[in-house]
Structures are given as C-alpha cells and as structure tokens.
Amino acid sequence: AQSVTQLGSHVSVSEGALVLLRCNYSSSVPPYLFWYVQYPNQGLQLLLKYTTGATLVKGINGFEAEFKKSETSFHLTKPSAHMSDAAEYFCAVSDRTGGFKTIFGAGTRLFVKA
Amino acid sequence: DTAVSQTPKYLVTQMGNDKSIKCEQNLGHDTMYWYKQDSKKFLKIMFSYNNKELIINETVPNRFSPKSPDKAHLNLHINSLELGDSAVYFCASSQTSGTGELFFGEGSRLTVL
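These protein sequence lines map, in sequence, to chains A and B.
Count along the first sequence from 1, then add 194; that gives the number in the numbering used here.
Count along the second sequence from 1, then add 49; that gives the number in the numbering used here.
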C-alpha cells in the first residue's frame, strides 16, 4: 500500500523568502511522485513529477523537488516566494501498474506575506 | 478548448434527491477518474475507468454509480443524496502509457441541504 504524508497543513513565508514544503511517502514499489497545485476554486494542475532518472526535478513557476530514496522524501522548494504562489499544494504518489492509482497527501496551504 | 470539462460547476439540492455530474476529456486519454475533495481539502479517489472498464472502486456507497459511455466521457450519478455527500467532485484523466500525470477538471461543488 502507498501513502503520503505532508508535514504542516499550513506554511507561511514572506515574499522573497525560501519556500519549503515537505513530503514523505511510503511505497512498496518504485513510485512515481508528483506535486500538484490548486488555486482557489480551480482544479489541480501539475507542478512537477519524478519518474526515473535525475532525482532533482524542475517544474513550472520556479519550483523544484528532490527525490531522496533513502529518506523516502520528495520535498518541494522555491528559492524566492511570490504572492502568486499562495495556493494549496499536494504531494502525490502512484504505482506503475495499469490504472495509475494516485494517492494524495492531505495538502499544505501556502500563505505568502507582503 | 478545455482539456477536461465538468458540468455543472455548482449543484445545490435537498437531501434525498438524485443528481448527475458529467465529464468529458479531449486529450485522447484512456483512463478517467472521479475524486472527492472534502471541506478540509482532502482528495480521495472514488472510481477509475480504463477504456470504459471499471478498474478502481474505492469502497464508495452504491448510491454512487459511475458510467463511461466511451473513453472520453465519465459521468457520476448519485442517488438519495445525504448531507455528507457535500463536497467538490473532480474528474481527471490520464494515459496509461504515460507517466501517470493526472489532468483535472475544474470541479463540481455539490451542496446538499
């Protein structure tokens, strides 16, 4: 069985500060890992994903995440927060079998202060 | 052209009524899903269809009945609505030959009074 834990339901940063959103996963098979962002009253959209290969993955809007197998982590970072980054962020894991059952973490709400 | 579109965007109804939500994707994907997002933003998979065949059914009450007339459409019918059914329902699609990335619709907010 797979699971995802996001540490911190709310994270608040100042504009221009580092953003760090934490995600740990559990999977009995090599996982696919994702970060999705949800803006108010919208659906989720993909920020970035790890499938195979390079463990540091870059996504849209300046975000990146590093897959660390030994720590079973996939933390999301951005060097400098912008007001427009305020949103709900979801870490997700899926297996590689047909059907791609994706399990989502509980989400982290990012607040950006001016 | 919206990739994954859901209708309606909002539903407000009384307990005991029946309602349907429709979803269509124009991405050519072979797998479609229904997710439920509760008031705390928690996302839970409900159903998944691959080429019109049900492949995931996650302990959802049988008042919920999905139907996939073709691989571009997935509908959700809910009978005898209860207060606890109030949530945002998201349709999503993916391609099994891809990397599992999900493409989401904008959601259908259901409020049961």
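FYI, nobody ran anything at the bench for these hints, they're computed from the structure.
There's no promise every hint is true.
[Claimed, not checked] Simulated coverage check for chain A against chain B, where a stretch passes if three residues somewhere in it have a Cβ under 8 Å from a Cβ of chain B:
| no. | stretch |
| --- | --- |
| 1 | 222-236 |
| 2 | 240-252 |
| 3 | 261-273 |
[Claimed, not checked] Here are the in silico distance ranges between beta carbons for each label pair:
| no. | chain 1 | residue 1 | chain 2 | residue 2 | range |
| --- | --- | --- | --- | --- | --- |
| 4 | B | 58 | A | 206 | 45 to 55 Å |
| 5 | B | 108 | A | 210 | 21 to 31 Å |
| 6 | B | 128 | A | 234 | 25 to 35 Å |
| 7 | B | 61 | A | 264 | 28 to 38 Å |
[Claimed, not checked] Cross-link-like lysine-lysine pairs, in silico, DSS-like; alpha carbons within 27 Å at most:
| no. | chain 1 | residue 1 | chain 2 | residue 2 |
| --- | --- | --- | --- | --- |
| 8 | B | 93 | A | 295 |
| 9 | B | 68 | A | 243 |
| 10 | B | 93 | A | 243 |
| 11 | B | 85 | A | 295 |
| 12 | B | 58 | B | 93 |
Backbone N, C-alpha and C define an ideal beta-carbon position, used for all residues, glycine too.
For each hint, the structure was consulted:
1. 222-236: holds (count 6)
2. 240-252: It holds: at least three residues are needed, and the stretch 240-252 of chain A offers 3 whose Cβ sits within less than 8 Å of chain B.
3. 261-273: Answer violated; 0 residues pass the 8 Å Cβ test.
4. B:58 / A:206: 45 to 55 Å: violated, 30 Å
5. B:108 / A:210: 21 to 31 Å: Check failed, 45 Å falls outside 21 to 31 Å.
6. B:128 / A:234: 25 to 35 Å: Since residue 128 of chain B and residue 234 of chain A have Cβ atoms about 31 Å apart, the given range 25 to 35 Å holds.
7. B:61 / A:264: 28 to 38 Å: violated, 49 Å
8. B:93 / A:295: holds, 11 Å
9. B:68 / A:243: violated, 35 Å
10. B:93 / A:243: With Cα atoms ~20 Å apart, residue 93 of chain B and residue 243 of chain A stay inside 27 Å; holds.
11. B:85 / A:295: Between residue 85 of chain B and residue 295 of chain A the Cα gap is close to 14 Å, so the pair holds against 27 Å.
12. B:58 / B:93: Holds: residue 58 of chain B and residue 93 of chain B sit about 19 Å apart, inside 27 Å.
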